[in-house]
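Chemist: Respectively, the protein sequence lines represent chains A and B.
Under my numbering, the residues of the first sequence are numbered 1 to 456, in order.
Under my numbering, the residues of the second sequence are numbered 1 to 158, in order.
Note that these hints are calculated values from the structure, not bench results.
Among these hints, one or two may not hold up.
[Claimed, not checked] Result set (DSS-like, lysine-lysine): computed pairs, CA atoms no more than 27 Å apart in a straight line:
hint, chain 1, residue 1, chain 2, residue 2
1, B, Lys82, B, Lys137
2, A, Lys251, B, Lys144
3, B, Lys137, A, Lys45
[Unchecked claim] Ranges between beta-carbon positions, derived for each pair:
hint, chain 1, residue 1, chain 2, residue 2, range
4, A, Phe166, B, Gly151, 33 to 43 Å
5, B, Lys92, A, Asp294, 36 to 46 Å
6, A, Val176, B, Gly151, 32 to 42 Å
[As the list claims (entries may be wrong)] Rough simulated footprint, nothing fancy, chain B against chain A, three-plus residues with beta-carbon under 8 Å:
hint, stretch
7, 185–191
8, 293–300
Ideal Cβ positions, reconstructed from N, Cα and C, are used throughout, including at glycine.
Here's the letter readout for the chains.
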Amino acid sequence: MLKGGIRTRIHCALLVLAVVPASSQAQTAGPSDQETVAQLVEQIKQLQQQDHDLLERIKILELKQLAASPAAEIGPSPQLIPPLSAEQTTPPPTPADVPHDWHDVHGIQWRGFGEVDYQVLNQRKPELAAGGFVGGSAGNFYTDDFGLFITSRLTDKASVLAEIIFEEGDAQSYSVDLRRMLLNYDYNNHMKVSFGRYQTNIGYYNWAFRSAAWLQTTADRPLVMQYASQGGLLPTQAIGVSVTGAIPSGKLGLNYVAEYGSSDTNRPDLNGDGQVTDDNNGNHVNVGFFLRPDAVPGLQIGTSYYHDQISNNDVNALTGALAPPLPGVLAPSARYGQTIVNAYAVYVAHGFEFLNEGFLIRQALIGGSLHFDNPAFYSQFSKQLGRVRPFFRYQYVNANSNPNSIFDDVGLRYGPSFGVRYDPNNYIALKAQLDHTAREGQPDLNGLQLQFAFTF
Amino acid sequence: MGVKSITTLLLLGLTVVSLVSRGTAQAEDIAVVVSSGNSATNLSLGDLRKIFSGAKRSWPGGQRIKLVTRGSGCPERVVLLKLLAMSEDDYKRYWTAQVFRGEADAEPLIVPSVGMQKEALNLFPGAITLVNVRDVKPGMRVIKIDGQVPGVAGYALR
């Protein structure tokens, strides 16, 4: 009985499985009207012909595109194969938002960036006679860096890059700075060589955030990573050769960087005394290593060692004349060996950004025992929440204020910054930032920065 | 036909539906596809991440890697963003930053259809792209990820 029941059920199931496709087939076949079938066959033939024509058209368009761009096959190829128009074909089965790449003009990639800022300080003395600041005013508008960025591929492995900056100085004066100009040659993953003016790979920030304010989460760079031409402590630019690449290390993701070049730097004093320190840097050597382990995507841990020789020549920013030496200050001919050791650990993934970098800048008089150790660090944390990214940063610089120190205008400075960045789209960033800086021998400095940064 | 028979039929139907849907889930695996002339047969997930983030820019033979991607909203794009742990906006900003860093010429090539992915693979010998395994066409060479092919349990890209 039980067996019979099971058999009956199986038969029923098989019957259903057999009947359902048969009926659906019958429905598909429809009436056996010969005329209708003939029409359908004709329509199928027409569609097949259209499909064939469209494929041919795609091939022709691609060939035309390649012919129009001589470098296309080797790199900055057209970034989009243009989709056929609605009249030519049906839309793709899945939504594909394909914008036109306006950055590519005859194989040259053009981009740009800029910023408009408003900063208010609780003092009327300018910290630095640049960025639009004028004495006697607590708040100022300024534009800081406006940049044009150009890249072009020369061969499969070689390309050029130029970053031209229009930098605001005192009293709405602008200077042009060729901040980067590089001939890049990517031999393979283990050796990528760059010749020209580059940003030194001291630490992470200088590599990751370059010049564009739009790239940065915060409204400004940490003081230690500020450009030397804007009062920063590090030789951020150099002319020479930079080599980087991966070291075979499996899942450890070990990479190296090695640089040799001239990093001669003029650094304006931060205290607004109108003087510039001409470092007269000799050639530098910079060697660094960093890890990007596969196990923790977004984590990067690195270290670098930089060495060159510098002087401590204070010159008048306007005339270029050497400032009269202060009592007890060594002659301008005195040379210091400068060693910069950096270590960092950063995590950037899942909307989190956690940057931590430490520096020890040591300047030791050549032929003497005088030396200055200038430690510095910053830590920055932010989290993307939709289009809003709140951030917090704490920075610390303890520069030796001895008159013989290159950083005597900096001294001890530390304090937090916090604010928020809002991205209404992928080209504009609006930032608001509050800063509190404690300064050695001076009142604490509080500031508010509002920034409109953009890229195009 | 009794109630028991109907119940059995329903169970059988559910089983069939379940089997069919499981087959569909496997078909949603995303294959990593390279040009037919590419000698690569296997990539680790870490290497794939490095490739699609632009950190690894050439194949072992020295040939330049050409990234080909699908547009926003496609299953392949969803898996790509998952691989890179980024949102669509993060991805756009990341590539803009890579260009300014000098680490990339431009954002990876975007194509709107599987046919164009195939054409791109023909045009660029160093090309690599992600294709829904259902859409893999003759002439596309699927490579293993961590030794696994799409469709097997534990395949990383789905």
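Chemist: If a hint holds in the structure, say so; if it doesn't, say that too.
Modeler: Checked hints:
1. B:Lys82 <-> B:Lys137: Holds, at about 24 Å.
2. A:Lys251 <-> B:Lys144: holds (17 Å)
3. B:Lys137 <-> A:Lys45: holds (22 Å)
4. A:Phe166 <-> B:Gly151: 33 to 43 Å: violated (55 Å)
5. B:Lys92 <-> A:Asp294: 36 to 46 Å: The hinted range 36 to 46 Å is violated for Lys92 of chain B and Asp294 of chain A, with Cβ atoms some 24 Å apart.
6. A:Val176 <-> B:Gly151: 32 to 42 Å: This hint is violated: roughly 58 Å between Cβ atoms.
7. 185–191: With 4 residues close enough to chain B, the hint holds.
8. 293–300: That given contact holds, which follows from 3 residues of the stretch 293–300 of chain A lying within Cβ reach (below 8 Å) of chain B.
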